[in-house]
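Engineer: So the sequences go chain by chain: D and U. Under our numbering, the first sequence has 224 at position 224, and the numbering climbs by one with no breaks. Under our numbering, the second sequence has 182 at position 182, and the numbering climbs by one with no breaks.
Keep in mind that the hints are not guaranteed to be accurate.
[What the hints assert, rightly or not] Some chain D residues near chain U, calculated using beta-carbon distances under 7 Å:
id, residue
1, Ser-48
2, Met-51
3, Asn-57
4, Leu-59
5, Ile-80
6, Leu-83
7, Phe-94
8, Pro-99
9, Arg-100
10, Val-101
11, Arg-194
12, Gly-195
[Said to hold, decoys possible] Over the 10 Å line for every Cβ pair with chain U, so calculated as not near, a few chain D residues:
id, residue
13, Arg-3
14, His-14
15, Ala-45
16, Arg-78
17, Arg-181
18, Glu-190
[Unchecked claim] Which chain U residues face chain D? A few, computed with CB under 8 Å, are given here:
id, residue
19, Asp-71
20, Gly-191
21, Asp-203
22, Asp-253
Keep in mind the hints are simulated off the structure, nothing from the lab. Cβ coordinates follow ideal geometry from the N, Cα and C atoms, glycine included.
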Amino acid sequence: MIRISDLSKTFTLHNQGRARIPVMAGASLQVAAGECVGLVGASGAGKSTLMRLIWGNYLADGGRIEVGDLDIVRAAPREIIALRRATLGYVSQFLRVVPRVPVLDVVAEPLRVLGRPAEEARAVAAGLLERLNLPSRLWSLSPTTFSGGEQQRVNIARGFAHPYPALLLDEPTASLDAANRAVVLEMIAEAKARGAAILGIFHDEGARAQVCDRLVDVTAFAPRGVA
Amino acid sequence: MGAVELGISAGMKPEGPLLSVRGLTRFYGARIGCADVSFDLWPGEVMGIVGESGSGKSTLLSCLAGHLVPDAGEVILATGAGPRDVLAMSEAERRRLSRGDWAFVHQNPRDGLRMGVSAGGNVGERLMAVGARHYGDIRARATDWLERVEIAAERIDDRPSAFSGGMQQRLQIARSLVTGPRLVFMDEPTGGLDVSVQARLLDLLRGLVREMGLSAIIVTHDLAVVRLLADRLMVMKSGRVVEQGLTDQVLDDPQHGYTQLLVSSVLQV
Numbered sequence: 001m002i003r004i005s006d007l008s009k010t011f012t013l014h015n016q017g018r019a020r021i022p023v024m025a026g027a028s029l030q031v032a033a034g035e036c037v038g039l040v041g042a043s044g045a046g047k048s049t050l051m052r053l054i055w056g057n058y059l060a061d062g063g064r065i066e067v068g069d070l071d072i073v074r075a076a077p078r079e080i081i082a083l084r085r086a087t088l089g090y091v092s093q094f095l096r097v098v099p100r101v102p103v104l105d106v107v108a109e110p111l112r113v114l115g116r117p118a119e120e121a122r123a124v125a126a127g128l129l130e131r132l133n134l135p136s137r138l139w140s141l142s143p144t145t146f147s148g149g150e151q152q153r154v155n156i157a158r159g160f161a162h163p164y165p166a167l168l169l170d171e172p173t174a175s176l177d178a179a180n181r182a183v184v185l186e187m188i189a190e191a192k193a194r195g196a197a198i199l200g201i202f203h204d205e206g207a208r209a210q211v212c213d214r215l216v217d218v219t220a221f222a223p224r225g226v227a
Numbered sequence: 001m002g003a004v005e006l007g008i009s010a011g012m013k014p015e016g017p018l019l020s021v022r023g024l025t026r027f028y029g030a031r032i033g034c035a036d037v038s039f040d041l042w043p044g045e046v047m048g049i050v051g052e053s054g055s056g057k058s059t060l061l062s063c064l065a066g067h068l069v070p071d072a073g074e075v076i077l078a079t080g081a082g083p084r085d086v087l088a089m090s091e092a093e094r095r096r097l098s099r100g101d102w103a104f105v106h107q108n109p110r111d112g113l114r115m116g117v118s119a120g121g122n123v124g125e126r127l128m129a130v131g132a133r134h135y136g137d138i139r140a141r142a143t144d145w146l147e148r149v150e151i152a153a154e155r156i157d158d159r160p161s162a163f164s165g166g167m168q169q170r171l172q173i174a175r176s177l178v179t180g181p182r183l184v185f186m187d188e189p190t191g192g193l194d195v196s197v198q199a200r201l202l203d204l205l206r207g208l209v210r211e212m213g214l215s216a217i218i219v220t221h222d223l224a225v226v227r228l229l230a231d232r233l234m235v236m237k238s239g240r241v242v243e244q245g246l247t248d249q250v251l252d253d254p255q256h257g258y259t260q261l262l263v264s265s266v267l268q269v
């Protein structure tokens with residue numbers, strides 16, 4: 001489902017003496033449907049960079065990133081937008097929402113952009129929030145003032161609202177208590193069971209052991225002479 | 001309805017771009033307003049144009065919307081009768097277009113509203129301009145639109161001068177969208193508003209864009225606004241497009257030195 005080959009990335013900082021910072025070269029990996037692959041490597045080794053290259057908010061210099069039939073490296077913006085709507089989900093560490101929009105609508109939004117009716121989308125959202133133990137008295141509030149753990153659960157609910165065939169998970173259990181961590185791991189297992197290809201970053205080793213089928217060390221993707 | 005005349009509201013789904021802009025150029029004497037701007041806008045896409053004051057973004061928007069005559073270039077619109085160069089249209093055709101199929105939301109609501117006419121009249125007037133005649137229908141649709149932009153129905157007979165800035169802006173949006181346009185041009189739509197009012201307006205615009213399948217071009221200097229509203233982003237400097245792409249890609253991994261400067265200059269809160 002996700003196929004990456006010979007991927008490279010260099011940042012050029014035009015306002016800092018045009019410094020060129022190569023961060024990745026020759027990166028290759030595959031994630032099959034129903035498989036969960038964990039990215040490992042020290043901080044700064046490029047785990048998040050790889051996730052962003054796949055999501056498309058970082059621009060690759062060369063190589064291929066295929067998600068389904070689309071090569072992200074060469075895709076037009078509207079193709080990436082369509083991919084994010086229906087095929088590729090992303091649970092990032094940051095919640096970015098329009099202030100004042102209630103949690104329930106934030107979580108329902110991925111379904112609304114797919115054309116599902118408001119009531120139906122909200123019902124799915126409510127089910128997810130309930131499962132993630134977010135008290136219903138919070139559902140009508142904007143998540144902008146929530147705690148880290150609450151925001152993270154909102155992000156997870158959003159990422160699981162639609163059954164995306166491919167999922168990127170950036171530290172999905174980082175700020176969660178044991179009970180909610182167990183719920184999230186269960187949701188990941190269910191997504192695998194329905195055939196989702198999952199690529200994740202998990203600092204939590206127990207979580208990693210529980211859901212990952214394989215680990216890929218991104219240190220191997222560092223450009224020569226850098227790592 | 002008159003909006004059907006040029007065909008883009010007739011339920012037609014163009015297989016190609018809704019709008020194709022090629023080499024659009026406008027000079028102010030010897031000075032460049034905007035130069036050699038080209039892009040395609042697809043149905044349902046929201047494109048943001050950012051840049052500092054004087055970068056040419058408002059000039060570009062005015063040329064696209066037909067408020068300014070460019071010196072060179074093409075603006076091809078997909079219509080029921082095939083692709084048409086908007087710049088080559090007769091004045092009457094273009095006026096028809098700007099009454100039905102496309103709309104312009106000004107930064108200052110006073111430029112887009114008639115301040116001496118009631119809120120309901122402001123909305124109803126646009127419907128009458130595209131052929132609606134039945135008073136009851138017009139009033140019902142105006143009421144419906146006021147509610148959609150969160151203005152209480154009992155304010156329908158009040159004049160916009162009695163409204164707050166945020167309400168005026170929402171009224172202007174109702175007036176612009178009531179005819180079901182396919183394409184909306186917005187010039188700093190949240191510009192003059194308090195931050196709290198801005199958020200409400202952003203939420204409203206996002207919902208309307210999604211429900212109506214609108215294409216929109218939004219000029220702003222506010223990167224937070226484009227991040228939340230635009231699918232794609234175009235960055236302008238000194239009248240030229242220096243970078244364009246997916247909004248979060250341009251903001252998170254800017255390629256051009258100017259964009260890098262712009263993004264890194266935003267104050268964090």
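Engineer: Against this structure, judge whether each hint is valid.
Structural biologist: Okay, the hints, checked on the actual structure:
| no. | hint | in the structure |
| --- | --- | --- |
| 1 | Ser-48 | violated, 11 Å |
| 2 | Met-51 | violated, 12 Å |
| 3 | Asn-57 | holds, 4 Å |
| 4 | Leu-59 | holds, 5 Å |
| 5 | Ile-80 | holds, 6 Å |
| 6 | Leu-83 | violated, 11 Å |
| 7 | Phe-94 | violated, 11 Å |
| 8 | Pro-99 | holds, 4 Å |
| 9 | Arg-100 | holds, 5 Å |
| 10 | Val-101 | holds, 5 Å |
| 11 | Arg-194 | violated, 27 Å |
| 12 | Gly-195 | violated, 27 Å |
| 13 | Arg-3 | holds, 21 Å |
| 14 | His-14 | violated, 3 Å |
| 15 | Ala-45 | holds, 18 Å |
| 16 | Arg-78 | violated, 5 Å |
| 17 | Arg-181 | holds, 28 Å |
| 18 | Glu-190 | holds, 28 Å |
| 19 | Asp-71 | violated, 28 Å |
| 20 | Gly-191 | violated, 17 Å |
| 21 | Asp-203 | holds, 5 Å |
| 22 | Asp-253 | holds, 4 Å |
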